[in-house]
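Chemist: Modelling step: build the complete structure from the supplied sequences, incorporating the hints.
Take a look at the letters that make up each chain.
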Amino acid sequence: MSYFRAENLSLHFGGLKAVDAVSFAVEKGEILSIIGPNGAGKSSIFNLISRIYTPTSGRIFFEDRDITDAPAYGIAKLGIARTFQNIELFENATVLSNLLVGRHRHSTTRLWQELLFLPSVRMNEKEHRYRVEQVIEFLDLEPYRDKLISGLPYGVRKVIELARALCTEPKLILLDEPSSGLNVEETDDMSFWIRDMKSELGVTVVMVEHDMTLVNRVSDRVIALNYGRVLAMGTPSEVQGHPDVVAAYLGV
Amino acid sequence: MRFLFKTDYDDDIRLFPHSGYVLSYGTLLALLLIAPFVLSSYLVSQLVFVCIYATVGVALLILTGFTGQASLGHAAFLAIGAYTAAYLQQFNVPFPLYFLASGLLTGVIGAMVGFPALRLQGIYLVIATISFAFIVEEILARWESVTHGNEGMRIKTIQLLGTQVPRDSPTFYFLCLAVLVLTIVGALNLLRSPTGRAFVAIRDSETAARSMGINVSLYKVKSFAISAAITGFAGCLFAHKLSFISPEMFTLQLSIEFIIVILIGGTFSLHGAVLGAIFVVMIDPFLTYLKDDMPGVIAGFAAAIGAGSARAAQIHDAVAAFASANGLKGAIYGVIIVVFVLFEPLGLYGRWLKIKLFFQLFPLYKRATFKRQKIYVKSERLR
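Protein chains in written order, with the numbering used here: chain A, -3 to 248; chain B, 815 to 1197.
Simulated from the structure, these hints should not be mistaken for lab results.
One or more hints might be untrue.
Calculated Cβ distances over 12 Å to all of chain B for the following chain A residues [said to hold, decoys possible]:
id, residue
1, Y(-1)
2, G11
3, S53
4, G54
5, T64
6, S93
7, L135
8, Y140
9, E181
10, D184
11, G230
12, H238
13, P239
In silico lysine-lysine, DSSO-like type, Cα no more than 27 Å apart, as pairs [to be verified]:
id, chain 1, residue 1, chain 2, residue 2
14, B, K1168, A, K143
15, A, K167, A, K122
16, A, K143, B, K820
17, A, K122, B, K820
18, B, K1170, A, K143
Backbone N, C-alpha and C fix where the C-beta goes; we use that ideal spot for every residue, glycine too.
Modeler: Okay, here's the thing in structure tokens:
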């Protein structure tokens, strides 16, 4: 049994088949990239997994459990975190509190304890903070701790979103275009981090990406999509050489 | 300027970041504690209203300022708290008990209002809460066996520990002050713990909040319940302060006053609730001043610059008519809201922070520091 599995996943908006009977599996500890032209259904697959959309048909399994009917907030609790293509940070909060929100699934305190801020809550907060500091160190975010998100440049926000996802201590992380809007050096950093996430933190990574250099550098396997269907699956070089993929990108 | 060197995670958790805060808030508390023995009874009475309004302000800030759910129904929550107190008092329930009951019952009703609110956002939520307020107002007027309808209900003096606490005594003022301080401390505790951060997360992006494992519906209901419960406590005190309650006291205008409290004070910090409450409570004395003294002052001025006595009397009457016109209060509220939304969106507390920063950075202050920037990275796709 695979670690993560999507079976015949479909998402139809009326007559439009955004995702059409897509099946794929992810093994524990691998980096899988999903590529494809605009509108191929890559982000839709992520939105199906994180339950922002409900699939028209098909099932999703994670660690041998059917998670197709789990509520959206339940997905994070299972250990699946995600980032967004266009950055969904909490704009009017500091970097630190954004990251602490990522710790939400690990908080065990009750409302009345929090109202009194009992020692147990304080202990919990310090534990969260300790974990958050580890992520801050991992991603070199030290200078930004107390800054408001609304005043930070795009590249930094992108990293903070990754940090927030890591703060949930995910087993599987979904990265939606981690390099979009980043310059060459930032993309380099991102590729190191993605590989470190796999080797140091043991996180399984599924990412949607357009930058083929990044895809080639980090991924173990690649899936190519077009019009909601799987065109090819395999190692980066196999997929790039596949005639259907070439046709989809070049339009021949 | 002071630079903080943080050496411990506690430095980011504690309520007073440094000794300066302890000193200034300590002084403020000391001044508030000696206030009833120094100030006139009228001003103390105003302070009691400030405490009650600020308590409701904190409640509304938790819901609107931090969770991002607008409400124009808080007068109804206040009414439920007030009527619960008045009703239970008839059966000789002791004060601490019915005080708790008014908060808890209002909290439960707040949670019930929260459920339909889950599917509504922005202006639709405002309309839903207004409808709720109208329903409550109507029930209060019709359910005569419990609420005595439009006749209203009289509230007896508080009996606490075997002694009477009249509504204009220093003890009553201390009671209101204690409720306000406890509410503020509780709210601050909440905001520095996971629940408070979940509220802010929901305000800023529901999609992201969900993907972080926050049960958005549950936290919205929690926010409604907490906000309503605090308002219920305030309602109990409000009833005692007025000593008589009737349905027409809890109208839409009162809800709007509460919105003004947080809008003028500043929606991003609890300071705003207190500053806004002071502002709103002071409008009434200002209107009285307008009514009583303004005509005389203006007529006197007109006479001084050479108007005849007949003309001065005319001016006097015209100003008096204007100052006592019906709906002047509503008009003033309207103007205040417009002015603040346009020119001071961060409210009085935002202005205070700007003044503070100006002196901290003295020759180097830039006006652009607080200019709102528009950044075009937000996705509209998933909304």
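Chemist: For each hint, tell me whether it holds in the structure or not.
Modeler: Results of checking the hints against the structure:
no.: 1; hint: Y(-1); in the structure: 20 Å, holds
no.: 2; hint: G11; in the structure: 20 Å, holds
no.: 3; hint: S53; in the structure: 22 Å, holds
no.: 4; hint: G54; in the structure: 20 Å, holds
no.: 5; hint: T64; in the structure: 16 Å, holds
no.: 6; hint: S93; in the structure: 6 Å, violated
no.: 7; hint: L135; in the structure: 17 Å, holds
no.: 8; hint: Y140; in the structure: 14 Å, holds
no.: 9; hint: E181; in the structure: 20 Å, holds
no.: 10; hint: D184; in the structure: 22 Å, holds
no.: 11; hint: G230; in the structure: 30 Å, holds
no.: 12; hint: H238; in the structure: 30 Å, holds
no.: 13; hint: P239; in the structure: 32 Å, holds
no.: 14; hint: B:K1168 <-> A:K143; in the structure: 18 Å, holds
no.: 15; hint: A:K167 <-> A:K122; in the structure: 23 Å, holds
no.: 16; hint: A:K143 <-> B:K820; in the structure: 15 Å, holds
no.: 17; hint: A:K122 <-> B:K820; in the structure: 14 Å, holds
no.: 18; hint: B:K1170 <-> A:K143; in the structure: 19 Å, holds
Hint 6 alone, counting from the list given before, is not met by this structure.
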